[in-house]
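With chain L's structure known, arrange chains R and X with the ligands on it following the hints.
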Amino acid sequence: TNDLPGGPAVLQLNLHPAVTRIASEVAWLHWFMLITCIVIFIAVFAVMFYSIWKHRKSVGAKPANFHESVTVEVVWTIIPFLIVIGMALPATKVLVASKDTSNADLTIKATGYQWKWGYDYIKGEGEGMSFLSTLDSTHRAMSNAGAKGDVPDDYLLKVDNPLVVPVNKKVRIITTANDVIHAWGVPAFGVKQDAIPGFVRDTWFRSEKTGDFYGQCYELCGKEHAYMPIHVKVLSQQDYTAWVADQQKKMAAKLDDPKKVWALPEITARGEKVYAANCAACHQANGKGVAAFPPLDGAAIVQDADKSKQIQVVLNGRNAMPAWKQLSDTDLAAVISYTKNNWSNKTGQIVQPADVLAARK
Amino acid sequence: MSAVLDHSQAGHGEHHDHAPTGWRRWVFATNHKDIGTLYLLFSFTMLMVGGLLALMIRAELFQPGLQLVNPELFNQLTTMHGLIMVFGAIMPAFVGFANWMIPLQIGAPDMAFARMNNFSFWLAVPAGIMLVGSFFMPGGAPSAGWTLYAPLTLQMGPSMDAGIFAMHILGASSIMGSINIIVTILNMRAPGMTLMKMPMFTWTWLITAYLLIAVMPVLAGAITMTLTDRHFGTTFFNPAGGGDPVMYQHIFWFFGHPEVYIMILPAFGIISQVVPAFARKRLFGYASMVYATSSIAILSFIVWAHHMFTTGMPVTGQLFFMYATMLIAVPTAVKIFNWIATMWQGSMTFETPMLFSAGFIFVFTMGGFTGLILAMAPIDLLLQDTYYVVAHFHYVLVAGSLFALFAGFYYWAPKWSGVMYHEGRGKLHFWWSLISFNVTFFPMHFLGLAGMPRRYADYPMQFADFNALASVGAFFFGLAQVYFFFFIVLPVMRGQGKTAPQRPWNDADGKGAEGLEWEVPSPAPFHTFETPPRLNAAANKVLGSAHH
Amino acid sequence: MSSSATGTTPYYFVPHPSRHPVMAAVGLLLVIFSAAEWINGADWAKWTLLFGFLWVLTVLFQWFRDAIGESESGQYGHKVDVSFRWSMSWFIFSEVMFFGAFFTALWWLRSHSVPALGGVENALLWPDFKALWPSVAPGVTASPAGVIEPFSTMGPLWLPTINTALLLSSGVTITIAHHLLRVNNRPATILFMWLTVLLGFSFVCVQGYEYFHAYTDLNLKLSSGAYGSTFFMLTGFHGLHVLIGMLMLFFITLRLMKGHFTPERHFGFEGAAWYWHFVDVVWLGLYTLVYWT
Ligand code: HEA
Ligand code: HEA
Ligand code: CUA
Ligand SMILES: [Cu+2]
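Protein chains in written order, with my numbering: chain L, 102 to 462; chain R, 29 to 576; chain X, 18 to 310.
For reference, chain L alone in the conformation it holds in the complex (with noise of 0.2 Å):
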């Protein structure tokens, strides 16, 4: 294993290395702390050791007699007030910085999914683009199998689409979620925000290198909590715009027309890469489900005649399986024609995306 710029490195020892000024600061304020602890620490205790090896009663000392003194207990109250002082001064400074998201130069959405990031450009260059953030199903495969025999560098950490940033440029980011509390941060940046379902909250950095840069899920989600990361590609302000013309282009030809009726080999070829991406976490690739997760392999709802059943369970969650309509008519028409068609479910119906769209009122 090697280091992985921009995550974390083998055998770190301290923070990231910063690559906004929030970042660096708290780096100074975490090392002027850890110094004046230190001290401290080491001040205390030598006089405690000191005590300790010259008065032992082994080396015949006696006991004194004094047990109060009003002064030292005011002088070793207000010392450490003190300092305390001392150290808020420094941190207040940093706090107040770090809680200005006012004027950005691009807003971006994060909202929390058990357990995927959708980002969402909100406001900038940019704006109007939105898209899912998974990570790559191959390491969440490599994790069941313990991780063995060669496991890239961003093990856990590789998604299939990185949010992207122009480097220097202040980018807020609003947080939320669809079903729990997540948290959205990345440790290069100094920053975190807890994302709340039907609360917004905001942070923001200002990247001032371009490069990869990672962060995970940091509120306990459920099950795959470990399995949300967060890719943030910082670009140079030319290679931004390339990529936000690139990626309007793309979205514009893989709109998927929503009147569309496919046929069925087509429609379930679709819904495979959608199970693998949002379902297999729970209910297996073999669609057998594992303790709390129920099999769709032989699922009465499945194979039911009235589509609209699993229709209405995918859309708006039931008990632990979370709400999926954050994801595209197409696709959920899609997986939900594949449960229908595959392992030992052969009903042969297609759910088209019409259907969805009507399900969805």
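Treat the hints as calculated values from the structure; they're not laboratory data.
Only a predicted model underlies this, so the values are computations on that prediction, with no experimental measurement involved.
The reader is advised that the hints may include incorrect statements.
In silico SDA-like links for lysine to any residue, alpha-carbon gap of 25 Å or less [claimed, not checked]:
{"no.": "1", "chain 1": "L", "residue 1": "K310", "chain 2": "L", "residue 2": "S231"}
{"no.": "2", "chain 1": "R", "residue 1": "K225", "chain 2": "X", "residue 2": "K63"}
{"no.": "3", "chain 1": "R", "residue 1": "K225", "chain 2": "L", "residue 2": "T172"}
{"no.": "4", "chain 1": "L", "residue 1": "K224", "chain 2": "X", "residue 2": "L142"}
{"no.": "5", "chain 1": "X", "residue 1": "K96", "chain 2": "R", "residue 2": "G220"}
{"no.": "6", "chain 1": "L", "residue 1": "K158", "chain 2": "R", "residue 2": "G387"}
{"no.": "7", "chain 1": "X", "residue 1": "K275", "chain 2": "X", "residue 2": "Q92"}
{"no.": "8", "chain 1": "L", "residue 1": "K249", "chain 2": "R", "residue 2": "G387"}
{"no.": "9", "chain 1": "X", "residue 1": "K63", "chain 2": "R", "residue 2": "V153"}
{"no.": "10", "chain 1": "L", "residue 1": "K389", "chain 2": "R", "residue 2": "K569"}
{"no.": "11", "chain 1": "L", "residue 1": "K360", "chain 2": "L", "residue 2": "T448"}
{"no.": "12", "chain 1": "L", "residue 1": "K155", "chain 2": "L", "residue 2": "I141"}
{"no.": "13", "chain 1": "L", "residue 1": "K224", "chain 2": "L", "residue 2": "K271"}
{"no.": "14", "chain 1": "R", "residue 1": "K569", "chain 2": "L", "residue 2": "T102"}
{"no.": "15", "chain 1": "L", "residue 1": "K410", "chain 2": "X", "residue 2": "N57"}
To give a feel for the contact side, a few chain L residues facing chain R, derived at Cβ under 7 Å [what the hints assert, rightly or not]:
{"no.": "16", "residue": "V127"}
{"no.": "17", "residue": "W132"}
{"no.": "18", "residue": "C138"}
{"no.": "19", "residue": "F182"}
{"no.": "20", "residue": "Q317"}
Listing some non-contacts, in silico: residues in chain L with all C-beta distances to chain X over 12 Å [to be verified]:
{"no.": "21", "residue": "I180"}
{"no.": "22", "residue": "T212"}
{"no.": "23", "residue": "A242"}
{"no.": "24", "residue": "K271"}
{"no.": "25", "residue": "T277"}
{"no.": "26", "residue": "A378"}
{"no.": "27", "residue": "D430"}
Ideal Cβ positions, reconstructed from N, Cα and C, are used throughout, including at glycine.
Chains R and X with the ligands only, in chain L's frame:
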């Protein structure tokens, strides 16, 4: 267990009952010493269970990739490890000490409400059964973390409700236990035992019991809202109905932060007893220790949101909670300095209780400093929910609370059992624990700084080395505790070992441990202070009986 | 210590070993296990739950019977009396903190959560949400996700006001009863106690009717969003406490009729009265914060 059981003949008052015998003695107990023993046994059992879960966590994290458990089970292990350690192991252990020692220290015949005392204990047992049993319920144990954050709790299976009810019962147990302790201390002190002459352990428990009564009901409120949100359609934590998941966190941490001091203040109390005894010098700054403890307790009510810096509070809120939290370092500093001043120019020996106490002061302070670093909101934004936090709280909980419990055990077990533990083994236990503890938890600071999130079943490759080290350390640490049980606790319970004198920690010239507990024989008779003792001016010696 | 039939009051009464605590704990284990199963759909569990409750009640009955016996046989000296006073005070303090959690929830949801959900920032998520308290008012759009059916709120007039009057008068009657007990007018004490119990009982009945009215006429339910949640949980827990307090007063009255208590020593009575006043104060909080504002 016979040593603990068979000493009912030793010196008692003129009128006495025959000590009950057999299982009835334990199950129907109204005697504070027996109930104390029950609490200690219960909590040690839970420590083993919680420790076993910790070892499963560490085994899974030994290497990257999933080897032993799936992520769902992993989260259950983490959650139940936290819950069982906090509510099953540490808290009841301190209550066990309170039961044994408070009446002895203040010269009271028993706890104020002896039957209710037994009820408090027996309530802990069903709760423990439910918590451990939840692993076997459909869907497995709760897996939302010991903090039980909404709305993740709304996705849990039936065991969540079992867990909530178990916590309700534990809360009732704690509240009754605390009322008992407070009333005993306020109302049953022997004549002459004024509040400002009370031993520090009793003092810290008075304050702890107050904290418990203030915050356990708040926890009950929070989990009751969780319960009704889960089953009865309320929307306390559901934004779709105007609720707020963050409100859960506020209510929880209003309980949760004082809770961590509930687990450390009695530990401070034990250390304040042990250090003077082995320094052969009175506790330095007794009054300021009392004030410092009270200040910590009061401050503990206004710092809760330091657990929530990343939830996105207004900057004024963050600043307030940051300052308030950092202030706690001041009274804690006073405590540390007073202990060291107690040692200063003492005549120290280092039997096991003293080793654990010195170890406590040393390692707890490291945990305190990392707490202070976490209290700095800008730094916490990077460290929150990483292994740095895990390192912090194991330094204060394991090397803090647990080490203090060990110190207290070695210090008072001779009084409880009438036999001395094996000193060499005690020392081995200390060094073994101290070293393996640091091997386990020190590397977690690095992991946290490097950004490894907590509650993760699997992690990037770069974190592998320190995790492996921590796992190895954890197994050695666990083994040390198994050694402690079989080679130290068990012999003591069986009454094997040198007979303990009445004042085992005093040397020939009478210097050493002070306090009323050393005024009764070893082992402490079944009934003590049935009539109030007459005390000397310092209230640490019995001169005779107050009535006759 | 434990003193026995000689009739002398011991320095401090320490009871004999007792089976009540462990029996009660076993009963409670049954209760919590059954409750957890029941709310998760196990039908049999309601029977074991009922059985568990009866079990616990039986044990408590025996326990209190023993304690009352000890008290009446004069084994509780002055010190024990002081212990009871302390313990009741601390118990009530714990209850205050319990209600505190729910009052805080009310405040937070009302002054923080609902406004935030309707704020400009949140328009990104809930463009239609109106920051109104209660979250759904007649004629206004529903909650963010439209999960709440429209409902009307429960105003202070007239049921809650009647209840205020009932509870306040019961505070007066119990004070009169206490006074009468101190001047050793037992028959009148008993009369005023029955009056107090009756007032408490009427309160519970009116509240029962109020809930019925809420569900049938106002469509106000436990599931009526933040308003319904806090309304029912606060008034519900309060009502439960009224019920408990009323039972305490009921048994105290029975004991008065059996000749228990003396003009000088009657902490059982006073403890129940303290509790009753506490319940009263909580109600005044509810009346102003839940119904009027
Ligand atoms: C026994 C338990 C215990 C104790 C005593 C403490 C003590 C402290 N804790 Fe800790 N804490 C926990 C248990 C405890 N904590 C737990 C369990 C969690 C995690 C919960 C969870 O999320 O699961 C946690 C988490 C936690 C956080 C949140 C981290 C996060 O999630 O992001 C913070 C942040 O402020 C914090 C701070 C502190 C501080 C400032 C102290 C102070 O009281 C420390 C004071 C001590 C000292 C400072 C050292 C001694 C002093 C001197 C030698 C004097 C000289 C010093 C100076 C003048 C600076 N703790
Ligand atoms: C309160 C006290 C307490 C104590 C004493 C401990 C003790 C230990 N804890 Fe801790 N821990 C917590 C409280 C505590 N913990 C809390 C509150 C959390 C947070 C939970 C959450 O995130 O929700 C946590 C989380 C936590 C984590 C993070 C998990 C995660 O984020 O996924 C880890 C990981 O290493 C860990 C490890 C350990 C270890 C190795 C010990 C060791 O000290 C244990 C030592 C082992 C023994 C004492 C067992 C000996 C027994 C045997 C060897 C087997 C014999 C058994 C039988 C015969 C039955 N704990
Ligand atoms: Cu998403 Cu953890
Ligand atoms: Cu805290």
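Okay, the hints, checked on the actual structure:
no.: 1; hint: L/K310 with L/S231; result: holds (24 Å)
no.: 2; hint: R/K225 with X/K63; result: violated (53 Å)
no.: 3; hint: R/K225 with L/T172; result: holds (21 Å)
no.: 4; hint: L/K224 with X/L142; result: holds (15 Å)
no.: 5; hint: X/K96 with R/G220; result: holds (16 Å)
no.: 6; hint: L/K158 with R/G387; result: holds (19 Å)
no.: 7; hint: X/K275 with X/Q92; result: holds (18 Å)
no.: 8; hint: L/K249 with R/G387; result: violated (40 Å)
no.: 9; hint: X/K63 with R/V153; result: holds (23 Å)
no.: 10; hint: L/K389 with R/K569; result: violated (72 Å)
no.: 11; hint: L/K360 with L/T448; result: holds (23 Å)
no.: 12; hint: L/K155 with L/I141; result: holds (21 Å)
no.: 13; hint: L/K224 with L/K271; result: holds (12 Å)
no.: 14; hint: R/K569 with L/T102; result: violated (66 Å)
no.: 15; hint: L/K410 with X/N57; result: holds (23 Å)
no.: 16; hint: V127; result: holds (5 Å)
no.: 17; hint: W132; result: violated (10 Å)
no.: 18; hint: C138; result: holds (4 Å)
no.: 19; hint: F182; result: holds (5 Å)
no.: 20; hint: Q317; result: holds (5 Å)
no.: 21; hint: I180; result: holds (36 Å)
no.: 22; hint: T212; result: violated (9 Å)
no.: 23; hint: A242; result: holds (34 Å)
no.: 24; hint: K271; result: holds (18 Å)
no.: 25; hint: T277; result: violated (6 Å)
no.: 26; hint: A378; result: holds (25 Å)
no.: 27; hint: D430; result: holds (20 Å)
In this structure, the hints that do not hold are numbers 2, 8, 10, 14, 17, 22 and 25, in rising order.
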